[in-house]
Amino acid sequence: MKLLFERSRPGRRECLLPPCDVPAAAFSSSALRASAPRLPEISEIDLGRHYTELASQTHGVNKGFYPLGSCTMKYNPRINEEMAALPGFTDIHPLQPVETAQGCLEVLYEAERLLCEITGMDGMTFQPAAGAHGEYTGLLLIRRYHQSRNDAARTKIIVPDSAHGTNPASASMAGFTVVSVPSNADGGVDIEALRKAVGPDAAGLMLTNPNTLGLFDPNILEITRIVHEAGGLCYYDGANLNAVMGQARPGDMGFDCVHLNLHKTFSTPHGGGGPGSGPAGCKAFLEPFLPSPRVRKENGRYSLYDPERSLGRVRSFYGNFLVVVRALTYILTLGREGIPEASAMAVLNANYLMKKLAGHYDMAYDALCMHEFVMTLEKLKNETGVSAMDVAKSLLDYGIHPPTMYFPLIVHEALMVEPTETESPETLDAAADAFLAILEKAKTDAAYLHGAPHRCPIGRPDEVRAARVPVLRWNFDSENDK
Amino acid sequence: MGNYIPATAEERQAMLATLGLRSVDELFASVPAEVRVRSLNLPDGLSEMEVSRKIGDLAAKNIRFRSVFRGAGAYRHYIPAVVKTVTSREEFVTAYTPYQAEISQGVLQSIFEYQTQICELTGMDVSNASVYDGAVAAAEAALMCLERRRHGVLVAGSADPQTIAVIQTYCESRSVPVTVLPTKNGAVDPADLTAALSDETACVYVQSPNYYGVLEDMDALTAAAHEAGARMVMSANPISLGLLKTPGEYGADIAVGEGQPLGLPLSFGGPYLGFMACKKELMRRLPGRIVGQTEDHEGRRCFVLTLQAREQHIRREKASSNICSNEALCAMTASVYLAAMGPQGLRRAAENSAAHAHYLAAELAKIPGFALRHQGREFFHEFLTDCPMDPERLCAALAERGILGGLPVEGGLLWCCTELCGKKDMDELITAIREVCAQ
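Protein sequence lines correspond, in order, to chains A and B.
Under the working numbering, the residue at position 360 of the first sequence is numbered 360, and the numbers go up by one with no gaps.
Under the working numbering, the residue at position 252 of the second sequence is numbered 252, and the numbers go up by one with no gaps.
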């Protein structure tokens, strides 16, 4: 595909803005740039065709099955998009007087109320723009809490070895040292190891439940009790909330703060990697530390205020507001019955697909799963040379986005599959057929799978070269590049 | 009511039967009974028609202004029609981070194009794929500059206050001291910077045009920072870069900014995007996704996520940042905007915005009590004036006339003009102010 810059022709332009109707502003010559940025000069028709071509080489949920574990690639309802595009939201300045932005504040207030009910929390901020940002914010709450008690010794955050990479990275950004605890044979937290890890230096525990193996930790109440008894707080990573929303609440499991991924659980689109929204919620005792500003309702009017001991800001304004509009639309649509029904179907779909594959592929754990399951292809690789990567790449030829590969790190040759509730049985059946066909091929023609994909616009890219000789922008001086 | 679940009741029973189960409750056997939800205090679900009414009513409670003379970090510019059409394509909207390059060339190439455009705009060598917003970009840039022996951050007091607050949050949690430099006549005095610099200063953060719209003396400030061995992080309004000198030309090490003016609506503060670009030598310290060009086994040009050794899924607690989801679709929006505008269009947006602001400042100065606060300073499309009455009251009166006036700041008003604020709108504003002041 040609790049925008290769489609550019000097002097080609559109008539988007009128000439200026007042005299030009005079700037001193030293304030002006020496030459214009080399932006593409391109006609609107070519611009449209360019992106149509790019779209044709982009796999989204609306193009095909997307069982990317831990990412909850569920359907993104179109009504959400329509609501988020209402000019009554898009045209509102974030610093308008609050009396003129009552609708926006009501969106934030209502979404906070509903999400607090779903999570069992008391307060929530929408300032974090993504999950990792929400993790960071939640950890800052924990930091502020210990500071407020002059408990400076609590510098460590405990993270299970099955955790997402963002957990240790967020803990580190929040100024904590990371202590990793191993998983037990059933994939849950090793209780004895946890007991040893929590001491007077433990600030808290970060836990994803169900965890990245797709398992709900049956010892959850004991885990949070152990941490609390040691003086630490419990942080719930909401990446996998889609399995349990409406079934079990982090607040009831003993968690003190949470983050959610509205772009996973609450159906807002992923946009090729954002914008997301990672609201951070907490129990009442942490509310005074939440970022500024918060929304309150008094006598039917909404206003903004700064919590008394606020940790400050983690982003400008109030976060990715339009993402919150989408999530609110979704929650109101599903309501009391729809929310638990969605999680139940997410779990049923995952177990159904797992059942169809079990006996052919090895599963990391022999148990009912929650919303996702992890396969281990170690034996297949030893026997046939076909790796998790080969199977993943082969799925591309079936129009299926591969599962998350090589994660969690504690499972060898892992493929993590999350079908979500919005897929039909026939889609799951077709995916199972594809997995089984690939398995047959592995036994007869491993070389074919090593070369997969065969029917995509490109074959496997040379990633080593990309990292060794980084080409991170178009080079205008060598226009004959391939 | 709605739930977007395709499986029928019969199909669900059949699926359960496959598993040897009778009800979905059995799927949750590992969840202790004590934590199972018994009743959920949520409203009943709604049909699409009902929810559309309900959310539409909320949107209708907001006031949309015919004229907007307020910026302060969020700017209403004209958005070409093609931008929305392109970026609402379902393929782009419903994809995720392009982990699988073979079926994600569209998203990957668009990020590569965005990176190139940001480099051109800022005069830098390398750009990432975006971060959450301009304030976070500034904070992440400050963290990029930390060295074992250089652990302090100096921040221009003339920068956006929300950005300063975010820098303080990010630095506080890493125990990095932040010093806010004083402001003189709306800008940082290079002598004050020199006095504050030490051999422990990691970087200096300056925004130009700054919060007051004033152009900082970037040549002197950058020279002072470099003289002391500190890095310069410069934030700029991306529209201004269609016209004004780039961070690269000033010699800055890192360029950041709020990308919202590039085709994104105001949206009550988000989604926006933070752009980040730097000199080559800092490339491996950049946070976030970066797309690079490579080839497949048949020698075809293609694009992949690269330099991942910096990132959290590889490095975990030693990563350059925890960021994974960024603002990809907003970055694509900015890219489509820049492509649609081209160099001439972007320059015209910058020139018209500046021209309007200068016209308005001159007209306001003719009304008693609305003197320009920072005399003798060059400004782009924002400026602070005095206000002879309670600024909130003036704005309330303007709001009744469909005008969003300047932002009350430091007892005065911080005004902003874009290309959308034409002469007619400004003359109407001036008339309205005269009326209100005469009352």
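By construction, these hints were calculated from the structure, which means they are not laboratory data.
A quick note: this is a predicted structure, and the numbers were derived from the prediction, not measured.
C-beta atoms are modelled at their ideal positions from N, C-alpha and C, and glycine is treated no differently.
One or more of the hints may lead you astray.
Which chain B residues face chain A? A few, computed with CB under 7 Å, are given here [said to hold, decoys possible]:
(1) Glu10
(2) Gln13
(3) Met15
(4) Leu42
(5) Phe92
(6) Thr116
(7) Val126
(8) Pro271
(9) His297
(10) His358
A quick look at each hint next to the structure:
1. Among the interface hints, the one on Glu10(B) is violated; its C-beta lies about 10 Å from the nearest C-beta in chain A, farther than the 7 Å criterion.
2. A hinted interface residue such as Gln13(B) counts as satisfied when its beta carbon comes closer than 7 Å to some beta carbon of chain A; here the least separation is about 10 Å, so the hint is violated.
3. With a cut of 7 Å, the hint placing Met15(B) at the interface with chain A holds, because the nearest CB-to-CB distance is about 5 Å.
4. Annotation: interface hint on Leu42(B) holds; nearest CB of chain A at approximately 4 Å, less than 7 Å.
5. For Phe92(B), the interface hint holds, the least distance from its beta-carbon to any beta-carbon of chain A being 6 Å, beneath 7 Å.
6. Look at Thr116(B): its Cβ gets to within about 4 Å of chain A, closer than 7 Å, so that hint holds up.
7. Taking 7 Å as the C-beta contact cut-off toward chain A, the hint placing Val126(B) at the interface holds, the least distance being around 5 Å.
8. Residue-level restraint check for Pro271(B) holds (minimum Cβ-Cβ distance to chain A is 3 Å; threshold 7 Å).
9. Interface hint status for His297(B): upheld, as the beta-carbon distance to the closest one in chain A is roughly 5 Å, under 7 Å.
10. The interface hint given for His358(B) holds, since its Cβ lies 4 Å from the closest Cβ of chain A, which is under the 7 Å cut-off.
Hints 1, 2, counting from the list given before, are not met by this structure.
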